[in-house]
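Participant: Protein chains in written order, with my numbering: chain P, 18 to 172; chain Z, 6 to 327; chain S, 157 to 671.
Hint data in this document are derived by calculation from the structure and do not stem from the laboratory.
Note that the Cβ used here is the ideal one computed from N, Cα and C, for glycine as well.
Honestly, I wouldn't trust all of these hints.
To be verified - Per label pair, the in silico range of CB-to-CB distance: (1) P:A33 <-> S:A666: 32 to 42 Å; (2) Z:K159 <-> S:Y657: 42 to 52 Å; (3) P:L144 <-> S:P454: 44 to 54 Å; (4) S:D169 <-> P:K160: 27 to 37 Å; (5) Z:P286 <-> P:A101: 49 to 59 Å; (6) P:F75 <-> S:I643: 23 to 33 Å.
As the list claims (entries may be wrong) - Okay, the calculated bits of chain S under chain P, using three or more residues with CB under 8 Å as the criterion: (7) 342-356; (8) 376-386.
Unchecked claim - DSSO-like mimics (lysine-lysine), calculated; alpha carbons at most 30 Å apart, straight line: (9) Z:K181 <-> Z:K152; (10) Z:K293 <-> S:K515; (11) P:K90 <-> S:K256; (12) S:K593 <-> P:K77.
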Amino acid sequence: MSDRLREYLSIGVMLALVGFFYMQTPSEVKHGGSIFPNALMGALAFLTLLKVAVDLLFPKSRAAKQDVDQATKDNRKRFWFILASIIVYVLLVEYIGFYVSSFVFFFGLTVAVQYEPRTPRGLAIRLASVTGFMLFLWILFTKVLLAQLPKGMFF
Amino acid sequence: MKKFALPISFALLLAAAAVVWAKGPGGYPNAPITLVVCYSAGAATDFQARIVSMPAGNDKYFGEPIVIVNKAGAGGMTGWNWMVDRAGKDGLTMTAYNLPHLVAQALVQKPKFTVESFEPLANWGTDPAVLVVATDSPFKTVDDLVKFAKANPKKLTMNGAGLYVGHHIATLQLQKTAKIEVTYVPEQGAADAIASLYSKTVMAGFTNLADAYRAPDRLRVLAIADLKRHEYLPDVATLKELGYDIDNSSVNFRGFALPASVPQDIIEYAAKTVEAMFKDPMVVSKMKESGSPLNVMSREEVKKLFAQQKAVLTELLLTDKK
Amino acid sequence: MLETLSYLSFLADPYVLLVMTLGTLAGIFLGAMPGVSPTMAVALLVPMTFYMDPRTGLILLGAVYSSAVAGGGITAILINVPGAPASIATLLDGYPMAKKGRAWEALCITFWYSMIGGIVGVLAMIWFAPILANFAMNFGPAQIFWVTVFGITIISGLSGGAVIKGLFGGLFGMLLSCIGFSPMLGEPRYVFHDSLTSGIAIVPVLVGMFAIPQVLDLAENLHNLSGENRLRLMEQARAGGVRPRGTMLKIILNIRHWWKTVTCSLGIGLVKSVIPGVGANVVGLIAYDYSKRLSDNPQDWGKGEPQGVVASETANNCTVGPALIPLLTLGIPGSPTAAALLGGLLIHGLFPGPELFTKHREITLTFMAGLLAAQVFMFFGGMLISRYSQHITKVPALIMIAAVSVCAVVGSYGVQNSMDDVLIMLGLGLMTYVLLKLDFPVAPMVLGVVLGPIAEVNFLRGKLVAEAGDGMFQFFFTGGINITFIIICVLSICWGFFVEYRAYKSKKAAAEVQS
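Assemble the whole structure, with the sequences as input and the hints as a guide.
Facilitator: Structure, rendered in structure tokens:
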């Protein structure tokens, strides 16, 4: 991604964010509840315009950064997998319970994407350490702080 | 025989434990109880709720601790909305109600709850609104204040701990009976409101009796918005005595409530337990020491109070708006 | 003063000593947990002081309060997630230091300068309480409004050369804070998803905006941090020594070079901490920004400059003492934590005000002496915990990714027992990740979320009062404090643009020389 392209994309994102909030503006808010957000949106729109002006006056370089190496490319698949599993994990916490889903997420993810070869000994150590970590969280939150973490179906 | 001694005593212990645990209907409560306080940590409601829920872990009461979770915002609506939306039907999630806030908000604003969404359990405290000014204020009496407001419509600024809380309702009542117009400044909490009085930002205000009682050298209490004088401030006259027809509908009541969707037997059991807990000697002494007025009321009395407040406030707020 | 110090004799009581040690360790630990703020730590412990005599109880609360503020720096340095809003500025340079294998040094700085800041703050509280209390009472809605605007203008210094993007982020953060109920009437605004009904709380913002991008960043570079690469990195780190000898001495002696940063942060910490409502949350960032402007090497800040950590930690612990002044003298808690501490006083029948210094003089002075001692305890407790917690940097990246994700969920859920907060955390995290890719700085956005409600509420309060009185212009634009802050704001913004322009010029000149 070249510097110039990144700046253009930034302008796009700024416009999108302001526009989105502008469309969400409630129709009727009394007691001055709309003064502050409207003023903010005005300021944000001004900053966006300013950004456009600055980028036209002082354009950034168009040179693209050097190509990424093979290892980084290979890692991309892992990255998307990790991102997807975090999202799935967060969405499932409510339904299958915090401790179960966290355990599965932690153990499953780390085993699935690890670079090192999977040895039985390594897996056993991993299993033990994940269990220990969950136990620590359980003692701290459920026993000491008495927090009610999502229960879900199992535990 | 000897080799059975251990298993037998163990079984007895388990049975005893089971009896203790199964005090409430269906073994309720079988886990720590969460109390949702709709104000921030350290606010008056939060502080008092922490005191009165202290003995909950005692076997005499619930046998399970009460854990306080703060969901502050919008004068309490954030938390109560959440209660209606998300709290379970197992009775393990209670909330602390604040009257008249809860009733007034249910009537005027459009929250997800109505007055009927909650089943009160018991009341622990009452805190009447008192009319105060800073000690160096030119207003010496309520009449001074009213005279100024009559001469300068909307120029008199008065504050309180938010919109549609007891303090605001007292202000509305004062405006109505004295036929004056003032500018009401809703603050984020009682402490902020008092700070505005000190810094001369606002001229007068209604505040909690407990707060005024604790600051005798800095605040001058002009009157109290209740039916009778209060033991903490016996020299302060009620507004009624001074000739302003204001009743006790702005008095701040605090207590525990459960969502109406919780089974009836759990509500009844919890109501009895909570009421007994509020009367615990430790609670009584700590409330007194901290200058927080205690007034324990049973479920029946609070239910009556809810209905009464709803009638009074409907008249005051909904006719006022037109 | 001497009288106060004479109350340090309570330290001779082994029971008090034990309570204080445990309180300090618990405070650091709770402060380091993202999701448990110093306010919650104090509120949790207030009921425990029921069973203690007032002196011990208050000493415990003071110890927990001070150490929780410092403890937030540990996670900021080690995993780039601040334990509490007060430590945001710590991670700007603390985490880069840790990445370079200087985690131990950063932790030493955190606790040493937290102690210095804390002691100065407490001494100021003891000496200047009445003056500072009067000063605080000069701040009405208009003044507080301008102080928050001033907070926004420091963004230019936090944006690393992208002033417009930084300001956009800051104001956008303020707009985010508008989501939920309007502060005056409580009408819903911008609730475009069900989970936003309760608005956006500060903890999910902190966790989401810092932890999620951090996790994704590790995931992106996983190949550089795993397998053989990891072994090589470990090797490098070991060569430098994990806990090099003499680090502490070096840091203490370095005050020769850092005195400007330290004095600047102390000054800002003292002034800002008594202003009601603004509090410790942003003081670290302001001190960071101003120290950076004053320093000789502003270009190194944000890349692992130890002074960044010095500024942030000196200032945020410096607020601990003065923030209690309005509470002790007038009964007005200047910060949420002070409000929680008020409970600790009331429970023992101690009502704030002059009586505290006459009738209950002994208890009050013991509390102040205890607060002073707590700073020293905090230092030793912090060093003890750092010894073990610094090993976090050795945890493999993959494990870190999973563990931080799990902690992010539990941290954002635990504050209000609410799944909504977890969803908000994730949503904001993903958004921030994209914005970071486009070079939008994060710190201004968080600052905006913290300052937004303060600015809005004070503006609307001020508007009501002004319209009943002399009018808006009179109210907001006259008076010494108002004008002073307006001038500082304008200068601050101009300075930011000037610096950016200068940087652009020199870059262009360099390019021309090359070609």
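Participant: Hints first: check each against the structure and report whether it holds.
Facilitator: Here's how the hints hold up against the structure:
As the Cβ distance of A33 (chain P) to A666 (chain S) is approximately 34 Å, the hint placing it in 32 to 42 Å holds. Checking the proposed 42 to 52 Å range against K159 (chain Z) and Y657 (chain S) shows it holds: the Cβ atoms sit about 48 Å from each other. At roughly 49 Å, the beta carbons of L144 (chain P) and P454 (chain S) sit within the given window of 44 to 54 Å. Remark: the range hint 27 to 37 Å for D169 (chain S) to K160 (chain P) is upheld by a beta-carbon distance near 30 Å.
One distance hint, 49 to 59 Å for the beta-carbon pair P286 (chain Z) and A101 (chain P), holds here, with the actual separation near 58 Å. Range check, F75 (chain P) to I643 (chain S): about 29 Å between beta-carbon atoms, so the 23 to 33 Å window is met. Figure legend: the stretch 342-356 of chain S, annotated as covered by chain P; annotation consistent (5 residues with Cβ-Cβ distances under 8 Å, at least 3 required). Counting residues of the stretch 376-386 of chain S whose C-beta lies closer than 8 Å to any C-beta of chain P gives 7; at least three are required, and the coverage claim holds.
At roughly 15 Å between alpha-carbon atoms, K181 (chain Z) and K152 (chain Z) fall within 30 Å of each other, so this suggested pair holds. Between K293 (chain Z) and K515 (chain S) the alpha-carbon distance is near 19 Å, which keeps this suggested pair within the 30 Å criterion. For a cut-off of 30 Å, the pair hint linking K90 (chain P) to K256 (chain S) stands: about 25 Å separates their Cα positions. Restraint check for K593 (chain S) and K77 (chain P): the C-alpha separation of about 17 Å stays at or below 30 Å, so the hint holds.
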